[in-house]
Structure formats: C-alpha cells, structure tokens
Amino acid sequence: MIRTIAWRELRSLFLSPLAFVILGLTQVILARLFLGHVNLFLTIQAQLVSIANPPGLTALVVAPLLGNMGVLLLLITPLITMRLIANERHNGTLTLLYSAPVSMTEIILGKYLGILGFFFIIVALTLAMPLSLLMGGQLDWGMFGCGVLGLLLFTSTLAAVGLFMSTLTKHPAVAAMGTFGVLFLLWVIDYAGHAQGTGGYIVAYLSIVNHYEPFLRGFFDSSNAVYFVTLSVSCLILSIRRLDADRMDA
Amino acid sequence: MTNSEVLVEAEGITRFYGKIAAVIDVSFTIRRGEVLGFLGPNGAGKTTTMQMLGGSLAPSSGRVLIADHDMRSEPRPAKSALGYLPEHPPLYRELTVDEYLDYCAALHRIPRTQRRAARERAKDRCGLGDVGGRLAANLSKGYQQRVGLAQAIIHEPPVVILDEPTVGLDPIQIREIRRLIRELGQDHAVILSTHILPEVQASCDRVQIIHKGRLILSETIDNLMHRVQSQVLVVAFRRNPDVALVQDLAGVHSVTVVDENRLRLFHEPENNPTDALVRLAVEQDWGLYEINPEHSSLESIFVELTGEQPETSDTL
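Those protein sequence lines, which keep their order, are chains R and A.
One gets my numbering by counting positions in the first sequence from 1 and adding 89 to each.
One gets my numbering by counting positions in the second sequence from 1 and adding 4 to each.
Bear in mind the hints are in silico, worked out from the structure with no lab data behind them.
No residue lacks a Cβ here, since even glycine has one placed at the ideal position from N, Cα and C.
Check before you lean on any hint, since a few could be wrong.
To be verified - A partial selection of chain A residues facing chain R, derived with a Cβ cut-off under 7 Å:
#: 1; residue: Ser60
#: 2; residue: Ala62
#: 3; residue: Tyr88
#: 4; residue: Pro94
#: 5; residue: Tyr96
#: 6; residue: Tyr107
#: 7; residue: Arg119
Model the full assembly from the supplied sequences, consistent with the hints where possible.
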C-alpha cells in the first residue's frame, strides 16, 4: 500500500514540468560549480606536491560540490515538497485516501518514500559528476562514501521537514514558504557561531550545517547521524498526527 | 426488505466545528437493497454527515458502523466496505482515467491480476467506455462526476455513499446516474444526499430530511408524497390582506407571506379552507385573483416541518 502511494507520488511529479525543470537546473548549476572546483584543483595541483600530506581530489572537489549541493537542496526542497499533502487537500483528493482502507501512517510513509525517490534521483545524477573524475584520477572512497551518506541523511531530513509543512496547510505556496523558513533558520541559526553557555550549545546543536559539514570532511560521528534521523522521524510522526487531527475537531 | 442485514448504522453522531454544531445527534440505519435519500437545504449538515459516514471526518460523539465494523476502532474493514463519492470528485488531474481507476483499485487492495477487470467493469457501469485514455483534467464536469462514481464502486463495496451525485450533469446524464443508483440499490446499501426533491422521488426508497443539523423526518417515499399532497395553497390578492384573519380560518396551520400580494397557507389535508378563504376575501374586498394548490415542493415540506408547527414533530 505504501508502495502504491509512493509510486503514484513519484509518477505525478514527473507528469508535471516542475520535476524536469528542477532536475535540469540543478544539473546545470552544479556542473558549473563542479568545473570551477576542478579548475581550482588543476591550478593549485603543482603547489600541492610541495606540501606534506596534501589534501586530495576528494577533499578539494567532491566535498565542496556536496556542500554546494546542500545549499541548492535547501532552495529546491520547498518547491518539491510543497504539493505533497497541501495540493491533495486543496483538490479534495485527500478524501480518496481517507475513505480508502489505508492508515494515516501508510499515507505519510508512502508520500515520504515517493518524494525521497525523487531526491535520490537528483543525488544520483549529481554524483555522476565526481564519479567521472575516476577517468583521470583517484577518489578517497572512505571520504566519498561518508560524504554521500551525509548527503542522503541531509536530504531525507529536508524532505521530512517539507512533508510536515505540507500537512499544515492547503496552499502549496504557504507550505513552500514555511519549509524554506524552517530550513533556512536551521541553516543559519549558528551563523555567528561560538555563542556562549548552554544557550549557545543548544543553538550550535540545532544548526543543520554543524551536522552536515563533518560528513563532508570524511568524519563520521554517529551523533550527527542521530540528529538527522531524529529530526526526520519527528517530522514524520508529527505529519501523521496532523492528518489524524484533520478528521478530529478542527 | 426489512429483514435484510443492516449495513450502515449511525448512532447519535454529532459534529462540532469549533463551537458550531453542524450535525446534532443523528441516528439512522440503512439495510442492503435500500436507497436512502438525505435531503436538506444547503448548510443543513448533509455533507458533514456524508463525510462522517465516508471516514474523512470523525464524529465529535456517537459512532458509525459500516457492515458491523466501527469506523473508529476498526477503520480498515469499515472503509473496505464502503465506496464514497465526495461533493467534488477526488480526481488527480494529471492522471488518465485508466491510471486513476487502477490507482483507486490498488488503494482498495484489489489484487493486481483483477484490477483491469474491476476497472473495465466500473467504466462500463458508469458509461466511461471511450474516455479511458484521457486526462481527468480535460474531461467535462459530467464525465468527471462519472469517474468519481466509478471510483466509488470499483471495489464493489456493499455500501455506497454519494454526496450530491447529479450536480452539474445534464438531464440525460442525470437519468443515467439515477438508473445506475437504482441498479446499485438492488444489492448494495446506497445513501445519497441532495437538495432536489425530484431526485429523491426518482431514486430513493426512503428519505431523511436534515435541517440545521438535526434529523427532522425519516419516512418512506410513498408516505412522504402522501403526506405533502396539496397541503399548501398559494393565494394572491390585489389589496393587502389581513394575515391574522386568514390564520384564523378553520384548518389553517400557518400562513407565510410570499411577497406583498401572495400568501402561502399550510392546512390540514382533510380540511381544505378554500371555500372559507374565498368567502372571507369577498367580505373583506381583498381582490382575490389567484388560488393555487401547491404540490410537494421541497420548500413547502421544509416550511411545514421546520416552521411554527410543533404538532408535526410526532413524525420524527
């Protein structure tokens, strides 16, 4: 049942031009940035040889690319997730799911997996760029794998936040603004950095960048993974509760 | 028909929107082989009741049983047993009719191998034979309504709930839908809401009238028609009549003012005040120029049931 809903979600996305526009633009922008990173690497390659223990191709090209990808995802997630529930509510098709023998959990998980499918397509297409480096160089697989894992966790979290925001309203535009607001806040919350005391510690902990960056440096800390998983699961549970509340007293 | 199984049971369902009560303590049952018409003006609580039966809204209190399964504690078997066509057909505009119906079949857990057969059968019954490959967004309102109906019966549920199924259809389509509803009524339990009385007359066995959230009448169609036959007179005068005098005539229940010349009289069927009224009009020189028995309009039933006549409350 979850699969049925997920599959329809993914199909419907590709039946609108939005999915293709997003995929296309993402590729163009990231390709430009990727070339920039490669270029920089080629220019400083000569100097790198003189340093003891120099940073490699992965650290100088792949990590920044995944970093750029993070920023880009921050911008496009609201556009992808805004229609998930809001649009169904707006068109009255949510009723179809409510009156079918399907639980709220199945609806939310189906929606979530469907949208994750789309995000993973973006990620897969993007990863093709660094993998093309294998034609003329070598990658640090540990660091690369760690970065990809971080990217997947990061993406799943953004999708879950977007899904939750979409359950709150019947206007996709409102859902998009809400998602962008929350994600942007999580992104910049520790922008000034180094705040003091317990408050500072909490702010630093909430920052999504602080948990994403270590992955890109090839540094796997399970507490960072736990942050992403906790945030995603909370958003999913809240979404299920929200749908339940739809049927209860307004 | 009375000994067949009860498929829908609503027990004192009440629904609040904030502080406003949309539906208050409504109870009824529907049996297999019965078509129940839910009649009421706009805003009476019809759609809210339908939504509660269809599982998209939980009652604030009371409970709904579909085929003996409580909607709240066993939603899955209850929802499997019902097909629901909401007020606006829940279509995905970007899917074709076939894709859409396949999706609905899958949601209702029809095994993959039987989906095509189920889809074709539903399309046949709703007259959708040649639009399978078209996008729902490009269909006319009438066809969209039929797709909505096909969606509601694709899994052959014992209970079919239709919220204003003929709105926006042309007369030929309306006739087809009514025929379909009759057909469904033979071995399903069908409940349909409408604000059009002839609709109920044409397709239902039983009618319930809801007004301001309360059920004020539950009656078989035959009885209803009998009850309301020529109980209403509309009279027109050239000069302003004295309403109080008309009110005092023998047999008159109540009088409402239609416009400055016209009055509507509600009277006992066995005690027609026409003679007395004509005499009075002549005496008072009101210039009576029109007198018309009114047949069973929805408005007259409502006025009769909801107006100032407590004596009709024994029909609840």
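Against the structure, the hints come out as follows:
1. The beta carbon of Ser60(A) is positioned within 7 Å of a beta carbon in chain R (closest approach about 4 Å), and the interface hint is therefore held.
2. Interface hint status for Ala62(A): upheld, as the beta-carbon distance to the closest one in chain R is roughly 4 Å, under 7 Å.
3. Given the 7 Å rule on beta carbons, the hint for Tyr88(A) holds: about 4 Å separates it from the nearest Cβ of chain R.
4. For Pro94(A), the shortest C-beta to C-beta distance to chain R is roughly 4 Å, which falls under 7 Å, so the interface hint holds.
5. Hint status for Tyr96(A) relative to chain R: holds, with the closest Cβ pair at about 6 Å, below 7 Å.
6. With 7 Å as the threshold, the beta carbon of Tyr107(A) comes within range of chain R, its nearest partner Cβ sitting at about 5 Å, so the hint holds.
7. Because the closest C-beta pair between Arg119(A) and chain R is about 11 Å apart, greater than 7 Å, the hint is violated.
In the structure shown, a violation is registered for the earlier hint numbered 7 alone.
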